[in-house]
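Engineer: This is what each chain is made of:
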Amino acid sequence: MKRESHGPDLILFLVTVALLSIGVIMVFSSSSIKALEELGDPYYYLKRQLFFAMLGIVAMIVVMNIDYKTYARWTVPFLVVSLVLLIMVPFIGAEISGSRRWLNLGLFNLQPSELGKLAMILFVANWVVKVKGRIQNFFVLLVPLLVMGVFFALIMMEPDLGTAATLAATTLIMLFASGAKIGHFFLLAIPAVPAFIALVLAEPYRLRRLMAFRDPWSDPLGAGFHIIQSLLALGSGGLFGLGLGRSRQKFWYLPEQHTDFIFAILGEELGFIGTFLVLVLFLLFAWRGLRIAMTAPDLFSSILSVGITAQIVLQAVVNIGVVSGTLPITGITLPLISYGGSSLLITLSAVGVLLNISRQRTFAK
Amino acid sequence: MAERNTLVVRKRIAGIFFGALGVFFCLFCRIFIVQVISADQYQQKALNQRMRPVMIDAKRGTIYDRNGKKLAISVNTDALYAVPREIENPKELAKQLAPIIDLEEGEIFKKLTRKSSGEWLKRKLTVEQSRKIKELNAKGLSLVPRPQRFYPEGKLAAHVLGIAGVDNQGLEGLELQYDRYLKGVQGKITAERDATGREIPGGIRSYVPPEDGADLVLTIDSVIQHIAERELDRAMAETGSRQGMALIMDPNTGEILAMAIRPTFDPNNYSQYPQENRKNILVTDLYEPGSTFKIFTSAAALEEGIVKPQTQFYDPGHIVVSGHRLRCWRAGGHGSQTFTEAVENSCNPVFAQLGMDLGPERFHKYLQAFGFGQKTGIDFPGEAQGTLASPSREAQGWLVRWANIGFGQGVSVTPIQLLTAAAAIANGGKLVKPYLVREIRKDKEVIKKFQPEVVREVLSESTAKQLRQILRSVVENGSGSRADLPGYSIGGKTGTGQIAEGGGYSSTKVNASFLGFGPSETPKLLGLVVLREPQTAITYGGTLAAPPLARILADSFAHLGVAPQLEKKEEEDSLVTVPNVRNYPPGEAQQLLLSQGLTFQLEGAGKMVTEQNPKPGVRVKKGTKVIIYCGRAELDNKGDGLVTVPPLEKMTVRDVANTLSLLGLKLEIEGSGIAVRQAPAAGQRVKPGTTVRVFFELPVREGRES
Chain W
1 MKRESHGPDL ILFLVTVALL SIGVIMVFSS SSIKALEELG DPYYYLKRQL FFAMLGIVAM
61 IVVMNIDYKT YARWTVPFLV VSLVLLIMVP FIGAEISGSR RWLNLGLFNL QPSELGKLAM
121 ILFVANWVVK VKGRIQNFFV LLVPLLVMGV FFALIMMEPD LGTAATLAAT TLIMLFASGA
181 KIGHFFLLAI PAVPAFIALV LAEPYRLRRL MAFRDPWSDP LGAGFHIIQS LLALGSGGLF
241 GLGLGRSRQK FWYLPEQHTD FIFAILGEEL GFIGTFLVLV LFLLFAWRGL RIAMTAPDLF
301 SSILSVGITA QIVLQAVVNI GVVSGTLPIT GITLPLISYG GSSLLITLSA VGVLLNISRQ
361 RTFAK
Chain U
1 MAERNTLVVR KRIAGIFFGA LGVFFCLFCR IFIVQVISAD QYQQKALNQR MRPVMIDAKR
61 GTIYDRNGKK LAISVNTDAL YAVPREIENP KELAKQLAPI IDLEEGEIFK KLTRKSSGEW
121 LKRKLTVEQS RKIKELNAKG LSLVPRPQRF YPEGKLAAHV LGIAGVDNQG LEGLELQYDR
181 YLKGVQGKIT AERDATGREI PGGIRSYVPP EDGADLVLTI DSVIQHIAER ELDRAMAETG
241 SRQGMALIMD PNTGEILAMA IRPTFDPNNY SQYPQENRKN ILVTDLYEPG STFKIFTSAA
301 ALEEGIVKPQ TQFYDPGHIV VSGHRLRCWR AGGHGSQTFT EAVENSCNPV FAQLGMDLGP
361 ERFHKYLQAF GFGQKTGIDF PGEAQGTLAS PSREAQGWLV RWANIGFGQG VSVTPIQLLT
421 AAAAIANGGK LVKPYLVREI RKDKEVIKKF QPEVVREVLS ESTAKQLRQI LRSVVENGSG
481 SRADLPGYSI GGKTGTGQIA EGGGYSSTKV NASFLGFGPS ETPKLLGLVV LREPQTAITY
541 GGTLAAPPLA RILADSFAHL GVAPQLEKKE EEDSLVTVPN VRNYPPGEAQ QLLLSQGLTF
601 QLEGAGKMVT EQNPKPGVRV KKGTKVIIYC GRAELDNKGD GLVTVPPLEK MTVRDVANTL
661 SLLGLKLEIE GSGIAVRQAP AAGQRVKPGT TVRVFFELPV REGRES
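From first to last, the protein sequence lines are chains W and U.
Letter 129 of the first sequence, counting from 1, is numbered 129 in our numbering, and no numbers are missing.
Letter 491 of the second sequence, counting from 1, is numbered 491 in our numbering, and no numbers are missing.
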């Protein structure tokens, strides 16, 4: 088959830049009060986010020009480095609000789970190519699932349910795309059910806390607090929003206003129009990402594209689900929009990989 | 490695995309519900959580007397507020504060270290205290101006005004009765606040100003109130009574002009007084009226034509009712007498006879018409109703009961009830409703005006007049003679009611009372003085309660500009009785002398008048100079270091003790009652510290009283 070189997927590029821009603006708007109060500089988070956004775009463009095939060779070393870093986290990680997720690298904090997600995606894509048709064998399918289990367990130890769950879901979506038997997935679900029940029985508070999102007003100052404040922000925005910079909930009512709950502030300031736009942009992202996967030159790049797209879009869906009170609370950021340096760098690099694959597509649109 | 992805893979990817579409659709719907459909509800909740109002106290209304004198005002005083978590050194601060705010150091420390957002340490600080606290410059302390009730006249009319609490809420008295008007409406500042309570810059702000309370204008005349309290104080000192009360009313309108009770309290520091001192017993407490009640037996009998003033009676000293012997208070009885004389004599058998002649039905009808057994409806909280026996002829001993009621036993009344009933006689037959508030004003505008209210007609004009003449005669010729004032025609009735105790009557505890009015032709003032459990040898109402009421009425007439009615003989008119000013502060003594038309010469610089010349009770020409001596040092200023023994005859134990202690002399008491002899004799000069033996004797029981 003939392989041509094209320009990268322009829509994906523009969607990414649009989300990034909205993010920078919203990081400033949501964090300025906090930054002024706590650090004496209202621009503190804006400056850092802007710096990492620039750096991220540079990284994206660089990666866009690196042939994706190069990565296949780095699969195993990358996997090992990620695992080692993840194992190190509980010992030397920086503790932030009850969880150890970060390694302090001086300039910025690195979240090894972010690297882990990419390593896992790369591993699955590479493994799918290696096993080819044998993926339909249940025991062959267990291999990537076991690796995933290790990552899942390590990330859960931090604890970081949101990241662990998206990592698992991403893996399953990739295996599904690769042609694994659908029946096998159901087979896998069978041991999951008693495991889940056992977890709940062991610590009943987990379920209560998990389900607080169903009726946050039953515990407005405890488990329901974040959800309530988030809903109040979204609802206050109404159709058109209070106007950029005019959020009231950011005045200490809504915690994590520039990270996990930035979407709520966005909804308060820009209204349903704003949240609708962001949803549409992520849907476009899903469409272009999966389209790249469809037209990818080979199975490796195709599954890799599915993985990267799934990872970013899933994380967005979970975050928006949490903020809108649809899903239980899991501390997870909104990709490309929430404040966070290492996360931005990694996400933009991953988009760079997608763009590189799009340049090598095999048939025209 | 370069193979194309298979059809299966592409189908699966397409499937994933449709799955994503489904998930996004759900999110769209959810967000649409939150942001558009339920937006109002969330907006309201968010607003409520940000808009936290701060209440502003309204200024409590002022209470004025009928002439515009302020009796209760609201002033902003600083209150000391502490925020415990901001205080750096609570131990040291407590030590510094203790002497300033006059609280225990330990108590302050406890409050300063309490786990709370704030503590009130002390309210109503003086300017001086505020200044000292400011000088401490301590972190975590703040002075908050708060409107506080202040009673500028102190104890004056304390029982009428009642008290208001620290949060400006009426607790007792008129403060409670009219709290609705006085308290006003709190204002509030509403501002958008962040989660930590600070105002959000550029946020919504609203200010609802507080609405100040309305002002009360009382029927009380503070001058008459003052006179009543002064005379009551004096009567209390002279008789050693457990309690005393004076009530003055305008009988034509029902307006209460004075309400005085002893012992009393200062509403500015009410917590420092026993709680029972605060009770307005003129309205809330029942007592047995005794002979004063004979007024109403007389009224019913006169109106029914059973008696006329000239009707002849014979009192053998007792009356037999259903086999019971009811004795007259005077052994041997009053013999032959007219009805007028029977009232003057307060002759019990006559009134027992009238009670029976009237019969339960008729008698009860009149008493009910006079308002007995019912509340008067005075605008004061906690009024008692009193008891009035039912007119039934069924109950055992009904005849004895109604014979007893005829002379004032077996009924219980409140003083206000008794006086209100008497007003009907003073004003020509109308039962009026007593009241304490004339007007309610808001921003100087009258918003409510209380008019005199006639409840019903009780007596004919002519009967009322007849009865007034009889009661005038009681003062002129009878048991109330000590209320006779030169120039003014006072009418009234004495009463000595035994205090019911444990089912029977106490033999020693009595209520001495006098109910009087004047001028007797067209009464302007009606009053009642009740002294409870006087400690003097003679406990007759005519002896103890008549003089203070007479003095109250006389001074009040002078204040109101009521001219003397009686055209006494020229020489008599120019004579006045020298009042007793001993043991009075010189200022008050001077006033008293001037009010009697006398002049004075002050000797000495002591705090009390220790002696006077001429002596009390002497009739002298108007304008006579009375020399008043103040204090010990001056009396002794003859260089020999000796003091003169004063004359002590006819003084009570209490007065003797006071007089001697002022001179530095010791007292040895012999006997009890009124001083009759002393050793050394008056006028002798002795060393300070010398013991004076004084012989007291119980006076022979004389007088004419029930």
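Source of the hints: derived by calculation from the structure; they are not laboratory data.
Incorrect hints may appear among the rest.
Below 20 Å or equal to it, Euclidean Cα-Cα: the simulated PhoX-like pairs (lysine-lysine) are [as the list claims (entries may be wrong)]:
hint	chain 1	residue 1	chain 2	residue 2
1	U	Lys-433	W	Lys-181
2	U	Lys-122	U	Lys-91
3	W	Lys-130	W	Lys-47
4	W	Lys-132	U	Lys-11
Going by beta-carbon spacing under 8 Å, a handful of chain U positions derived as facing chain W [to be verified]:
hint	residue
5	Val-9
6	Phe-24
7	Arg-30
8	Ile-200
Some chain U residues close to chain W (C-beta under 10 Å, calculated; not the full set) [said to hold, decoys possible]:
hint	residue
9	Thr-6
10	Ile-13
11	Phe-17
12	Gly-19
13	Val-23
14	Cys-26
15	Ile-33
16	Val-34
17	Val-36
18	Asp-40
19	Leu-47
20	Tyr-81
21	Gly-202
22	Ala-558
23	Gly-561
24	Val-562
Please read all numbers here as calculations on a predicted model, not as lab measurements.
All C-beta atoms, glycine included, are put in the ideal place defined by N, C-alpha and C.
Engineer: Hint by hint, note whether the structure agrees.
Structural biologist: Hints, verified against the model:
Taken as a hint, the U:Lys-433 and W:Lys-181 pair is broken in the structure, with Cα atoms around 100 Å apart against an allowance of 20 Å. Only pairs whose Cα atoms come within 20 Å are accepted, and U:Lys-122 paired with U:Lys-91 is accepted, the gap being roughly 17 Å. Simply put, W:Lys-130 and W:Lys-47 have alpha-carbon atoms about 45 Å apart, too far for the 20 Å limit, and the pair is violated. Pair hint W:Lys-132 plus U:Lys-11 holds up; C-alpha atoms about 17 Å apart against a cutoff of 20 Å.
For U:Val-9, the interface hint holds, the least distance from its beta-carbon to any beta-carbon of chain W being 6 Å, beneath 8 Å. Satisfaction of the interface hint for U:Phe-24 is found here, the shortest Cβ-Cβ separation to chain W being roughly 5 Å, below the 8 Å cut-off. Against a cut-off of 8 Å between C-beta atoms, the interface hint on U:Arg-30 holds, since the closest Cβ of chain W lies about 5 Å away. Interface hint at U:Ile-200: satisfied, since its Cβ lies 6 Å from the closest Cβ of chain W, which is below the 8 Å cut-off.
Annotation: U:Thr-6 was flagged as interfacial toward chain W, and the flag holds, the nearest CB pair being 7 Å apart, inside 10 Å. Hint status for U:Ile-13: holds, given a least beta-carbon distance of 5 Å to chain W, under 10 Å. Annotation: interface hint on U:Phe-17 holds; nearest CB of chain W at approximately 5 Å, less than 10 Å. Checking U:Gly-19 against chain W: minimum C-beta separation of about 9 Å stays under 10 Å; hint holds.
Annotation: U:Val-23 was flagged as interfacial toward chain W, and the flag holds, the nearest CB pair being 6 Å apart, inside 10 Å. Interface hint status for U:Cys-26: upheld, as the beta-carbon distance to the closest one in chain W is roughly 7 Å, under 10 Å. A least Cβ separation of about 9 Å between U:Ile-33 and chain W falls short of the 10 Å threshold, and the interface hint therefore holds. For U:Val-34, the interface hint holds, the least distance from its beta-carbon to any beta-carbon of chain W being 5 Å, beneath 10 Å.
At a threshold of 10 Å, the smallest CB-CB gap from U:Val-36 to chain W is about 5 Å, leaving the interface hint in force. Nearest Cβ of chain W to the Cβ of U:Asp-40: about 8 Å, under the 10 Å cut. The hint holds. Interface hint at U:Leu-47: satisfied, since its Cβ lies 8 Å from the closest Cβ of chain W, which is below the 10 Å cut-off. The restraint placing U:Tyr-81 at the interface with chain W is violated, with a minimum CB-CB distance near 25 Å, outside the 10 Å limit.
Hint on U:Gly-202 holds. Least Cβ distance to chain W is approximately 9 Å, under the 10 Å limit. With its C-beta approaching chain W no nearer than about 71 Å, U:Ala-558 sits outside the 10 Å limit, and its interface hint is violated. For U:Gly-561, the suggested interface contact is broken, since its CB lies about 70 Å from the closest CB of chain W, more than 10 Å. The restraint placing U:Val-562 at the interface with chain W is violated, with a minimum CB-CB distance near 72 Å, outside the 10 Å limit.
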